[in-house]
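**Q** With the hints as your guide, set chains B and C onto chain A.
Heads up: the sequence lines are chains A, B and C, in that order.
Sequential numbering from 1 applies to the first sequence in UniProt numbering.
Sequential numbering from 1 applies to the second sequence in UniProt numbering.
Sequential numbering from 1 applies to the third sequence in UniProt numbering.
Because the hints were derived from the structure by calculation, they are not lab data.
Where hints are given, some of them may not hold.
If several chains are the same, the list does not tell them apart, and a pair holds so long as it fits within one copy or across any two.
Said to hold, decoys possible - The calculated lysine-lysine pairs, modelled on DSS-like cross-linking and capped at a C-alpha distance of 25 Å, are:
1) K365 <-> K436
2) K436 <-> K332
3) K439 <-> K365
4) K439 <-> K277
5) K436 <-> K277
6) K439 <-> K332
7) K369 <-> K332
8) K277 <-> K369
Bear in mind the structure is a predicted one, so any value in this text is a computation, not a measurement.
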Amino acid sequence: MHTPGANVAGYVSLFGVQIVLLIIYWIYVRYDDELLPQDSEESSGDATSQDEGLEEKHVPSYPHFQDIHVMIFVGFGFLMTFLRKYGYSATGFTLFLAAIVIQWAILFKGFLHMEHGIIKVSLDSLIDGDISAAVPLISMGALLGRTTPIQLLFMGLVEIAIFALNEYVQLDMLRVTDVGGSITVHAFGAYFGLAVSCILRPSKDDSAAGQHEGPSYTSDMFAMIGTLFLWLFWPSFNSALVDGADQERAIVNTYLALAAATVTTFVLSALVSHGNKLDMVHVQNSTLAGGVAVGSVCNLLIGPHGAILIGIVAGAVSVLGYRYLTPLITEKLRIHDTCGVHNLHGMPAIISAIFSAIYACLATKENYKGTLEHIFPAMMNSTLHSNSTEIVLGGYGRTSMQQGGYQLLSIVLTIVVAVIGGAVTGVVLRAPSVRKLSKDQLHDDEAYWEVPGEKEQ
Amino acid sequence: MHTPGANVAGYVSLFGVQIVLLIIYWIYVRYDDELLPQDSEESSGDATSQDEGLEEKHVPSYPHFQDIHVMIFVGFGFLMTFLRKYGYSATGFTLFLAAIVIQWAILFKGFLHMEHGIIKVSLDSLIDGDISAAVPLISMGALLGRTTPIQLLFMGLVEIAIFALNEYVQLDMLRVTDVGGSITVHAFGAYFGLAVSCILRPSKDDSAAGQHEGPSYTSDMFAMIGTLFLWLFWPSFNSALVDGADQERAIVNTYLALAAATVTTFVLSALVSHGNKLDMVHVQNSTLAGGVAVGSVCNLLIGPHGAILIGIVAGAVSVLGYRYLTPLITEKLRIHDTCGVHNLHGMPAIISAIFSAIYACLATKENYKGTLEHIFPAMMNSTLHSNSTEIVLGGYGRTSMQQGGYQLLSIVLTIVVAVIGGAVTGVVLRAPSVRKLSKDQLHDDEAYWEVPGEKEQ
Amino acid sequence: MHTPGANVAGYVSLFGVQIVLLIIYWIYVRYDDELLPQDSEESSGDATSQDEGLEEKHVPSYPHFQDIHVMIFVGFGFLMTFLRKYGYSATGFTLFLAAIVIQWAILFKGFLHMEHGIIKVSLDSLIDGDISAAVPLISMGALLGRTTPIQLLFMGLVEIAIFALNEYVQLDMLRVTDVGGSITVHAFGAYFGLAVSCILRPSKDDSAAGQHEGPSYTSDMFAMIGTLFLWLFWPSFNSALVDGADQERAIVNTYLALAAATVTTFVLSALVSHGNKLDMVHVQNSTLAGGVAVGSVCNLLIGPHGAILIGIVAGAVSVLGYRYLTPLITEKLRIHDTCGVHNLHGMPAIISAIFSAIYACLATKENYKGTLEHIFPAMMNSTLHSNSTEIVLGGYGRTSMQQGGYQLLSIVLTIVVAVIGGAVTGVVLRAPSVRKLSKDQLHDDEAYWEVPGEKEQ
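This is chain A alone, in the form it adopts within the complex (with noise of 0.2 Å):
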């Protein structure tokens, strides 16, 4: 059945994607205008002071930038170590379907976004590259250890697509708030992978769960590194698309909801185990939950002790989904999630859809002043708004009642786009022409990597 020239077929093709995307790119791409030459003096380094010529000359949002860059290589990527046998997989896999997809991403989103024929490249690409790239790990982490490399980058492929578009209808259409991504990529991502699993799910007599699924203690200590850097990093996923006030609330409040889920899934951890004893699924994923959970709401008004009631909203639900949820789904539906996702990504980004209702029925001109039109631009009246940098729609007069109903209808609408692309994905990749793993190749590097004889030697 696993003819190494099927093997090879699948990545000739995929060199073949790098080229397709190196060809459009030499087309369509350019660098930005704040990344050509100028002609005015100042580019030639000749700044009258040198304080200022230094600050001036550093691009700003380059650290947080930076630390998105981290979570999604190192913190995707050791997060889904923690199977013993799969480490080479989880690094290695998270690290080759990202550097395509980014590729990928920036053009799609680009094309969303071209001006005269020409899509524009900047360091906003790239961070838009990297958290578009976080949308497919966390499909993968449903599907961990049970997909081909192929199947992975070919999902990949189609996921970033319909994600783009989808973000397009709830960002630039419905206008509805999610600085952080809980609803488009958090929701998407989880319930994508869902629907994947769940069409690729074994035939009834057979269990999903390969011999080789389950941490060792080395392989869960190298988890650790990916939740922290994850945990760590956070405040500048969900603060790195905002400014100014709106950019140090978002920080603020990530911080606190992540530190309250922390406690609350140690707690639940110990209570709910067997023998009362602390794990360490719990303590790598839903210590993480917290910062989904205030994705949507984090540049809101919602106050230091919002951030903390979230935080612990979801660090209980998230370990209360991975001891009671997941064994259910598992057996009931036969949709297996290997990470969890539903518990990390999925009713997390759920519960901050909800609670960005709440507080959007509550914002009003009062409490959020000058920045209420730009938080929420759909509460704009609908004249036409210009400003120097970029030309504004104008506001569709929204009440704040209605804002929240949309951020309603947003999460449910994301869910269902992502269910059905999830499904139809899920189809192709079964499709009998595509090599898929046998049973005993599940979880374990070995069907897809030159692994060392004697281990741990």
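**A** The following block gives chains B and C in isolation, referenced to the frame of chain A:
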């Protein structure tokens, strides 16, 4: 002796602490003004020049904060993974303890600086919270593997309160200089932990070392992750609370002191160790002693050579401490110090205080110019002085020599407070009603964690 | 053969080096003016506006510095942990070597740019020191596991001096463009190391491979930590020494080149490897080749597609080099290259130089506008030109084609200097009086470290 019931009670009380924190935040804590929407037009994004706008809108100390954030959770967490069966606890309890302690520290330090009955939080509060978390984590290093998580968290909550009060006395009342926290953070944390360890010491006939104490090859590698991130970001820790030229001086001095301490550590480790082989304990810990020893003086005019000299002294004292002093303390005083915090934090902090006294004595208006009264506010004349951003209380008109004396007083006082505070805390932790680890549970994750059956496969 | 005495002598001399460094710093090194207290009122904190004040007070290149700092110590350190019994040495000797070399590089490069007999240090010196440290670390990769630490440190000290002189010739005299250091850092480090390795090669009958050479599953996972942090922060390395639009271009180009090299690496690794399985050596190393190959041109107008093209070429050349060229070099020339630095640094650096020649030929005043003379100062007219911050020497009036020729001359000259320098260094390291590793000590931590008896338990 270890009934699940008692365990549950402990965790439930911790959850109670989290709920109490939520309530107190709800009542007393609000966003700082810089996090609130402004009425001015700037905040709605209409900056006249895009470039300027971007500059203004990014929180300038955020990269510094993130470096410290990595130090606390990845640095401390992984540094303590060197024990071969205690990696889950090292990373997990660091995360748990720090997550609860940062919320509590922001609150407690906030009460000491309340305005109109309200505690205001901003990014600076998070930096404060993270630096405070270092204190109980240092103490945890002394006790590593010999307490239950409930004992640890109780200690952390008490310790933060005493630490914050002592810091208030040293910095706000005695007005000593200590920008890197060597006196208030490192010395305090180390001697508090050692005092707790002294009270918790086993009876004379019993050895404190569990059968599981000691590293494995893999656990030593994980510990190097912690060492390296602490080593790399230490300049950020020491320079986070100063600005401009002071900050750059703190960065350069800390970098040089760490480099010199590292070279000294390797050389001395080979010279004093058995068979002239290098000892990973020294490499993991003594290389960092330079960062502690330069902490109180890193923003002073110590010169690049001064930084290197301090690094050499600190590395040497630390390695010799591990090799000769720690065995003595363990045998004679029966004070167990699992990570050797006395050699990494205790003695280097005393060195730092001594150097701070020396350099304070050398401080003059001539070399420090206008920054003298900023660095040594007690050396100002006792007039009330105000500037645009804050009201600075008048100085005490101290001479350089007097300031030097106060620097020495500060370290003595801090150690006295830490030892008394730690001893009292230790007595509480030893109370008959408090659950303790049995001898075979020492340094073993299995006491509190679900551990995979077949390790390392 | 291995008497403790000789060992001790080596370590004592290294301590002597540290003491000599201390003395030279004491005599010649001072803080740069921007680190000194100013008489103006700004420095005492009375900025008129708090926001502006904060902006001004933070050192803008500090985040860039910290990224590079992580690359040197965590990136290089962990990348070299792939050998199963050499992890202590990989991380430890990286730390040791870099700690002494950064002090020495700051000094030596300072001597080349002295003012009034004084070397001034600032954050820029630390960036310089860290980048310089990469050079001997690259060479260490070629020799990994086959030298004593004393041999390694001696090599590092000599290599830094030759590197700094060569860099001075290339950048200050020949005025080639090489902002990412592909020519001066990567090519130099690789060919210097290979030359040393050639001289140290074993006699014909003997194989250079020790019995311990080769990875374990766990050691390969540790190496991925190094790979990922190098991969993530490479845009910072390449963009650290340029500003503004140049900097953002360097960031975007490096990001895209790395992504394309990564996809190419995975595809080719599967296609050329035994049984079409992925090879961790390729994933750990060739994914990074894109960063090297784009180094010399990353700030030029190569276009996003140019960056992707260079990445594809570099990834392909690197994988093919590991698969086909390295075995040839090892067998025929008996030059051992433990980490394959020829494939990661050597050949990609040559590719970078060739591309830099091509793009230099295409450079015109029309496309580079006012920045042409900044990027290619030798293409300016030969008049003396001064601006407010520095005096720029007149250019040589080169044409584009001439500049392209100089770029090629630069890589040839650099390789010649590196090979001669490495060969001479190798002869010294082979001297009868120098202690060497015996065959059974190759690639084994136990030769120089205390290693826990029962590993991996």
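**Q** If you test the structure against every hint from before, which numbers come out violated?
**A** 1, 3, 7 and 8
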